[in-house]
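Throw the hints in and build the complete structure from the sequences for me.
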Amino acid sequence: MKKLDFEKPIVELYDKISQLKELSKEGGMSLEDDIAKIEKRAELLKKDIYSQLSPLQVMQISRHPNRPDTLSLCQLIFDHFMELHGDRAFKDDPAIVGGIATLKKHRVMVIGHQKGHDTKENIYRNFGMPNPEGYRKALRLMKMAEKFSIPIVTFIDTPGAFPGIEAEERGQAEAIARNLREMTGLTVPVVSFVIGEGGSGGALGIGVSNKLYMLEYGVYSVISPEGCASILFRDAKESERAAKSLKITAKDIVDLGIADGIVKEPVGGAHYSWQDTADAIKKVIQKDLNAYKKTTDSELFVEERYQKFRQMGIFSE
Amino acid sequence: MKKLDFEKPIVELYDKISQLKELSKEGGMSLEDDIAKIEKRAELLKKDIYSQLSPLQVMQISRHPNRPDTLSLCQLIFDHFMELHGDRAFKDDPAIVGGIATLKKHRVMVIGHQKGHDTKENIYRNFGMPNPEGYRKALRLMKMAEKFSIPIVTFIDTPGAFPGIEAEERGQAEAIARNLREMTGLTVPVVSFVIGEGGSGGALGIGVSNKLYMLEYGVYSVISPEGCASILFRDAKESERAAKSLKITAKDIVDLGIADGIVKEPVGGAHYSWQDTADAIKKVIQKDLNAYKKTTDSELFVEERYQKFRQMGIFSE
Amino acid sequence: MSILDWFSQKDKSSVVTEKLNIPGNLWIKCTKCAEVLFLKDLDLNHKVCPNCQFHFRITPEERLKYIFDFDSFQEMDAHLKPIDFLKFEDTEKYVDRIKKAQAKTQKNDAVVTGTARLKKQDVNVGIMDFAFLGGSMGSVVGEKISRLIELGVENKNPVIIFTSSGGARMQEGIMSLMQMAKTSAALHKLAKVNVPYISVLCDPTTGGTSASFAMLGDVNLAEPGALVSFAGPRVIEQTIRQKLPDGFQRSEFLLSHGMVDRVVQRKDMRETLSRIVAILSPVACEL
Amino acid sequence: MSILDWFSQKDKSSVVTEKLNIPGNLWIKCTKCAEVLFLKDLDLNHKVCPNCQFHFRITPEERLKYIFDFDSFQEMDAHLKPIDFLKFEDTEKYVDRIKKAQAKTQKNDAVVTGTARLKKQDVNVGIMDFAFLGGSMGSVVGEKISRLIELGVENKNPVIIFTSSGGARMQEGIMSLMQMAKTSAALHKLAKVNVPYISVLCDPTTGGTSASFAMLGDVNLAEPGALVSFAGPRVIEQTIRQKLPDGFQRSEFLLSHGMVDRVVQRKDMRETLSRIVAILSPVACEL
Ligand SMILES: [Zn+2]
Ligand SMILES: [Zn+2]
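Going down the list, the protein sequences come from chains G, X, W and S. Going by my numbering, the first residue of the first sequence is number 175, and it counts up by one from there. Going by my numbering, the first residue of the second sequence is number 175, and it counts up by one from there. Going by my numbering, the first residue of the third sequence is number 23, and it counts up by one from there. Going by my numbering, the first residue of the fourth sequence is number 23, and it counts up by one from there.
Treat the hints as calculated values from the structure; they're not laboratory data. Among these hints, one or two may not hold up.
Said to hold, decoys possible - Cross-link-like lysine to any residue pairs, in silico, SDA-like; alpha carbons within 20 Å at most:
{"id": "1", "chain 1": "G", "residue 1": "Lys214", "chain 2": "G", "residue 2": "Arg237"}
{"id": "2", "chain 1": "W", "residue 1": "Lys115", "chain 2": "X", "residue 2": "Ile405"}
{"id": "3", "chain 1": "S", "residue 1": "Lys109", "chain 2": "G", "residue 2": "Phe407"}
{"id": "4", "chain 1": "G", "residue 1": "Lys176", "chain 2": "G", "residue 2": "Ala216"}
{"id": "5", "chain 1": "S", "residue 1": "Lys109", "chain 2": "S", "residue 2": "Arg119"}
{"id": "6", "chain 1": "W", "residue 1": "Lys211", "chain 2": "X", "residue 2": "Gln485"}
{"id": "7", "chain 1": "S", "residue 1": "Lys214", "chain 2": "X", "residue 2": "Glu473"}
{"id": "8", "chain 1": "W", "residue 1": "Lys115", "chain 2": "X", "residue 2": "Arg408"}
{"id": "9", "chain 1": "W", "residue 1": "Lys121", "chain 2": "X", "residue 2": "Ile488"}
{"id": "10", "chain 1": "S", "residue 1": "Lys214", "chain 2": "G", "residue 2": "Gln481"}
{"id": "11", "chain 1": "G", "residue 1": "Lys317", "chain 2": "X", "residue 2": "Gly359"}
{"id": "12", "chain 1": "X", "residue 1": "Lys214", "chain 2": "X", "residue 2": "Ile184"}
{"id": "13", "chain 1": "S", "residue 1": "Lys141", "chain 2": "X", "residue 2": "Glu491"}
{"id": "14", "chain 1": "X", "residue 1": "Lys321", "chain 2": "S", "residue 2": "Val215"}
{"id": "15", "chain 1": "X", "residue 1": "Lys317", "chain 2": "S", "residue 2": "Lys211"}
{"id": "16", "chain 1": "X", "residue 1": "Lys214", "chain 2": "X", "residue 2": "Gly442"}
{"id": "17", "chain 1": "W", "residue 1": "Lys121", "chain 2": "X", "residue 2": "Glu491"}
{"id": "18", "chain 1": "S", "residue 1": "Lys265", "chain 2": "G", "residue 2": "Glu343"}
{"id": "19", "chain 1": "X", "residue 1": "Lys425", "chain 2": "W", "residue 2": "Lys109"}
{"id": "20", "chain 1": "W", "residue 1": "Lys115", "chain 2": "X", "residue 2": "Lys321"}
{"id": "21", "chain 1": "X", "residue 1": "Lys279", "chain 2": "S", "residue 2": "Lys265"}
{"id": "22", "chain 1": "G", "residue 1": "Lys279", "chain 2": "W", "residue 2": "Lys141"}
{"id": "23", "chain 1": "G", "residue 1": "Lys279", "chain 2": "W", "residue 2": "Glu293"}
{"id": "24", "chain 1": "G", "residue 1": "Lys461", "chain 2": "G", "residue 2": "Leu277"}
Below is the structure:
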């Protein structure tokens, strides 16, 4: 598994522990006490490092190639999941997936960006960057969910909508804009999770929800720190500074009133345990769906969503 | 202007009349009596020929390159007409046009197939054969009309939906099918005219209407006589027989209960006077829109349309 | 235009199997991979070639047997019969064509409709029969499909239709074209009351059938390798004057072009359908 | 990503005119055809080059003058002001950027909203000002646009918005992104009460603005030659590593790709808008 720069001291400690264990076994020496000590130190170091990550380091975790993807989470979270394909007009976009699922007594429509874990997968998934038909597939499935009164769960994980010639030709702007408007009016609850990278309009395009949760090391930003830095500082290397200014971490997003809560990840990040991550998300979904099940007037879902976004904005009057 | 085969005797007579007139002028001879006689004969011959056209001959008139097209009719019929473009997803299809118009106190959304009058125009208009985006533009405009309570008028004039690779890729079948379903539910009246060629599903795709009128020399068919002949008789030359069997003329369509009436054309066909043709259509539009204006419950438009199509079909029970 | 194909196709690429000259016809050669198959094995395998997964065309009765709860099907409107109201005559009279097709299929027309149970869930089912005049849609098919959908409006049970049709039936002229509007109109009524409609595209589904109820499922499924198109391949080849690429207009092509939700092996159809019905059905479901 | 462009573009392809070094600045050189134009003539021609029809960027005040009934505009919410709530700092503090932009444009933020009359028809109007921080959408723009649309919900008069914006305002971070959802949500309310919304795309309309209210008109109009895109040309060129074709992402390109209803010359805008309003408006119209 790919190690991030700031993980190196931890990795080194764990390597040492492995060596000691090996030694202890082979040489018959009793090194348990030393090992226990170092293990304790490693745990502390890990907690220490992960408690003071810079926003850019968090972003690195959010983009980790082994981070759990939408389809894998669907398998881990739901009792059954069946993918549904296509926008019924142009193409099935592999960068956005969706399908129907069950979770105990709940029926769910799941929609999410889909990244890959290796080069081949990433090329197929276009690195999780949707084309317009991806947003249109998402909208089709959301309308289907609305028709059959099925709550919607979305998983956000994209560097952004794809900036390509054909995407522009087919109306990337139109597709996202339409989703923003139409998601507002859905008469079913929508619960969203930023499971990795929440990249700008491409993320928001499936993120107009009643509840929004950030995974602990997920990020959500109006522009990538690299892009911001290259515009404002004329230097992409200033992305550390840009990342700080933009306020992109889970805590920032909650503090600004955009997200409703943070879903804890395993120490080190979701890529250390997909199952634990899935379990944590599952709990939140169940809690929210149980609560929403009590709502009998479906217009309340629309009103809640409208009010939530209506009050976003900070200005003086 | 292109002359059709069966028009030749008439054309010859009129040529003779022209010659006589020339002679009369030049030679100072008084040939008025003869000319009047021949003119009368020509008129009779014309009426005679046009009263016993074969279905295939009618089809030739319906396809005449100088037959008035949708956009020209819009200019001639309405007080103002403004074309609106695009399906908001892929392309603006030149083979289907549409726009908003006014006619006295009426607001109207007009939609129609668009053919050209020469090779260049026909290539641009794809000979009036729409791609899926044409049907999707039509649907967008119809939904807009419904939103703003604007009655819809459609002009049907197509050999059929385009049978091409890209049309299939983008869902020609889906686009037409969706229009059939969605047109059913429009809460505004829809009045359709087969102004030329009503070619199969490609015609019906904008033809699910409350009222359907055939222009006198318009045709409406499930398959082109040529296509039918090449399938059933394995010989395209048998299209005369096929055209007869298929029952495609205005009278046939009315007799079968599919169309509500016939709009008279100038003798010889609409291409002899666009203005007269437009005036005749205009009258029908005004009559129907005046009548529909009295309907206050917009669900009645839906119900009328549903019942109309629901009862189409002949079988034994 | 849309129907141009199935007619000529029938001979060329049809899946009608070549029976080997062995007493009792117990052996059959796969249309696709030419493997010689024991007929009984093929039956047990849902009429899917064990060697290449080629899905043979099957009868409505076989489909009922493979997919729905045993003996749960209740047919309706079986008595509706076509009429040769145009006195349509080509090389053969329509009325004679009807008689032959009826004799061959033991059915009055090209679709069977009724109610059935799918893993104990009540559903409304329609199954088209390609063996009856190429599954073409005339007045009877349009009427039976419409009544089936209207039954769904009434009893609120999901509607499932298996399509297999060359398109509109030209011997009924313009009236066959109108069946496209009629069936689609019925689907509008069904959509308004939020009852699920699942379309299962089987080989082949083209022309007026694909351009009406076949493409309008809340969920569109397709059997592997089924030809699904508006214009048939032959018409398109004539238009563009070149051969079409392999796999063009087949189920998998439609999947990648966003037209169908899933391509489903015949052996998985029962499970897939019942799961979709359970999730979409407004009727309280035991999951 | 979406905003990457206007910033760097400003210098390169901006339409800011090159004023010639002549006392009084009475002459100006056309950005497109380089023709030297008399400033007063240009003004009389709606700031459109008489030689090449190039549409110069104009101020909200000029737009009001060219299009709406004389003196009919009533501004609202002019007092709303941006706040540097993130203490955003790049090479310059956001708070200082705001001050400069306010001094330059004599406006508190990048959009002017209010009511006006268009050939005697009451309408709700918003006009963005690209001169104010590239017309970027922060909290104030989002709030003013939303209130304008909500006014339409209330008074039932058509809403017309002229867009000209590089996208979301990154100095307000994630909050600027949310203005996309907020304004689009308001449009959903407007659509539900069937009040017409006409979007007029002016040069340039990109990023978060194009991907929200700008593209959602019942009717989308565009000024000739306006850049309208989601991703800016520079980002796309970086992605595909080649030059983009001429006219890519310009109004005429959007027209042929089905995104806008009409490309309208500035001189025809008043007539076109008033006609559309008259036909679409649910308020009884005298035609
Ligand atoms: Zn085989
Ligand atoms: Zn110029």
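Among all the numbered hints in the text so far, which are the ones the structure does not match?
Structure breaks hints 1, 13, 20, 21.
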